[in-house]
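J.: Sequence:
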Amino acid sequence: MPRLVVEYAKSGRSTCSASGCGLKIAKHEIRIGSVSNNPFDENAGEIIKWRHLCCFSDVQLKNAEQSGAIEQIEGFESLSSADKDLIVKFQKGELKGKTELIGRLGDVANSPLAEALGAGKRAARKRASEKTPKGSTSPKKAPKKESKEKETPQKREASVDSDATE
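Per the working numbering, the sequence shown starts with residue 2, numbered consecutively.
Calculated from the structure, these hints are not laboratory results.
The reader is advised that the hints may include incorrect statements.
Here are the simulated lysine to any residue pairs, SDA-like style, with alpha carbons at most 20 Å apart [said to hold, decoys possible]: (1) K63 / G21; (2) K85 / E8; (3) K11 / L106; (4) K50 / S82; (5) K93 / E78; (6) K28 / T100.
Based on the provided sequences and hints, a complete structural model is requested.
T.: Right, dumping it as structure tokens:
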């Protein structure tokens, strides 16, 4: 039986594999995936079919409960406490069909993976500036190079000194 994985979407490129959905899963949205062996190539490893939390079907939920996968969802510990509560509701089957969850971003900023997922970039910059001792300056960006003005045909003609034009 496939095992289940939950995580914050790393990009907005994946699509929901539920037959009635097919919508994109937004970056940092919580997604649930069923991991299985690649049916097309035995040596290719495993594949993950991602879904929105609300797009997990009754049959899939029942199969996951029977196999025990519903109790051992990988990635659960890397979620914020608010998102863990959402997964507990998912495990109970309370989120099925709640399409208002589609596009709902997870609480990435309060998760253990915040910096790895880029949710805390502003906070990381703030922490870095706090570490810089007073009186010292942080490294500055190199000055921009002056761009050369493009030469137009009119400018080219004006700059040509030729007896042929007289």
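J.: Each hint: holds or not?
T.: These are the hints, each one checked on the structure:
no.	hint	verdict
1	K63 / G21	holds, 19 Å
2	K85 / E8	holds, 11 Å
3	K11 / L106	holds, 12 Å
4	K50 / S82	violated, 25 Å
5	K93 / E78	holds, 18 Å
6	K28 / T100	holds, 17 Å
Hint compliance for this structure: hint 4 alone is broken.
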